[in-house]
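Using the sequences and the hints given, assemble the complete structure.
Going down the list, the sequences are from chains D and H.
Here the first sequence stands for residues 7 to 178, where the numbers follow the working numbering.
Here the second sequence stands for residues 7 to 178, where the numbers follow the working numbering.
Each hint should be verified, as a subset may be incorrect.
The list treats identical chains as interchangeable, and a pair is accepted whether it falls inside one copy or across any two copies.
In silico DMTMM-like pairs for lysine to aspartate or glutamate, Cα to Cα no more than 25 Å straight-line [unchecked claim]: (1) 173 - 47; (2) 101 - 152; (3) 48 - 21; (4) 73 - 116; (5) 92 - 152; (6) 101 - 163; (7) 101 - 157; (8) 101 - 116; (9) 48 - 116; (10) 96 - 176; (11) 73 - 171; (12) 96 - 152; (13) 45 - 71; (14) 45 - 21.
Read the hints as simulated data drawn from the structure, not as lab findings.
What follows is the residue order along each chain.
Number of protein chains: 2
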Amino acid sequence: MIKVLRLGHRRGRDDRISTHVGLTARQWGADEIVYSGEKDDKILESQRDIIDRWGGNIEIRYTEDWKSEIKDFEGLKVHLTMYGEKIDEKIAELKERFEEEDLLVIVGAEKVPRWVYTHVDYNISVGNQPHSEIAALAVFLDRIQDSGIREEFDGAEIEVRPSEDRKLTEEI
Amino acid sequence: MIKVLRLGHRRGRDDRISTHVGLTARQWGADEIVYSGEKDDKILESQRDIIDRWGGNIEIRYTEDWKSEIKDFEGLKVHLTMYGEKIDEKIAELKERFEEEDLLVIVGAEKVPRWVYTHVDYNISVGNQPHSEIAALAVFLDRIQDSGIREEFDGAEIEVRPSEDRKLTEEI
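Now the structure itself:
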């Protein structure tokens, strides 16, 4: 089971980034996506619209109390940050734990409180350069699962037919 | 050599997504990042500011004439799209070609013209679900290079010291 927690969402400024975080989590198999920061029904609704059409049993919700999401989670807690230990050095250990345990992945917006760093099992960097929490999340979920790209989503109304040179979809 | 072409940038709406595309390309070793769509000096400047401080020999520029960027590129041309052939089925072939050839990776905004699909060597999907061009770019560059995360950037004024539980940076 994979849960993704997005910290520090800011309405307006982060709308599209936070939406991409959620859709990326879904593509790589997350079961639950939790947003914190400013409450924003619009980003929850836009993702629910995509799930209605493209399928999947994914819980998407908002919480004000992000500390409890971390403290009460039973399993492996990983915060992705450019300041963390290198993914290359830790991935074997993390994969082993993920075989036995549920996984919580935390991605922040610009300022993540120190509290997060000291209340997770690992602070992991997917590169030590400033880049993108979306990229970090995707590559982390891709590596910890040996390609976690999901093919099947329950209840989908539409599916892509992969093509060499055009856009093909099928209504189901 | 890796070049990344971002198509269809829209000022305002795409600012942060396009910036994340550029920073992700840099983290995974791109040498050149070209933006097309609406001209937007702000996103070029904000990335140049990051490069000034964090280093790297990366050319970042805008072009109106995105067709020439594709037509005139000598090497392997890959368009990332949720409608393309599955990365799992093509990656071995792509890696082989990338050992011999320069690589152009194209990522679009919402509507990519059919012309792009028919003027590249491959249309590749990193998942066939709607998600994020940032995630697709990161995972594609990560896989085609067997971890392309770059560690060293020429001329950096600052570097992260990877840490278990805190933010450590060093001025160089």
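Hints and how they fare:
no., hint, in the structure
1, 173 - 47, "neither (31 Å within a copy, 32 Å between copies)"
2, 101 - 152, "both (9 Å within a copy, 17 Å between copies)"
3, 48 - 21, "both (8 Å within a copy, 19 Å between copies)"
4, 73 - 116, "within (17 Å within a copy, 36 Å between copies)"
5, 92 - 152, "both (18 Å within a copy, 15 Å between copies)"
6, 101 - 163, "neither (33 Å within a copy, 34 Å between copies)"
7, 101 - 157, "both (21 Å within a copy, 23 Å between copies)"
8, 101 - 116, "neither (27 Å within a copy, 35 Å between copies)"
9, 48 - 116, "both (21 Å within a copy, 19 Å between copies)"
10, 96 - 176, "between (41 Å within a copy, 22 Å between copies)"
11, 73 - 171, "between (47 Å within a copy, 17 Å between copies)"
12, 96 - 152, "both (15 Å within a copy, 16 Å between copies)"
13, 45 - 71, "within (11 Å within a copy, 41 Å between copies)"
14, 45 - 21, "both (11 Å within a copy, 22 Å between copies)"
Violation of the numbered hints given earlier is confined to hints 1, 6, 8; the remaining hints are satisfied by the structure.
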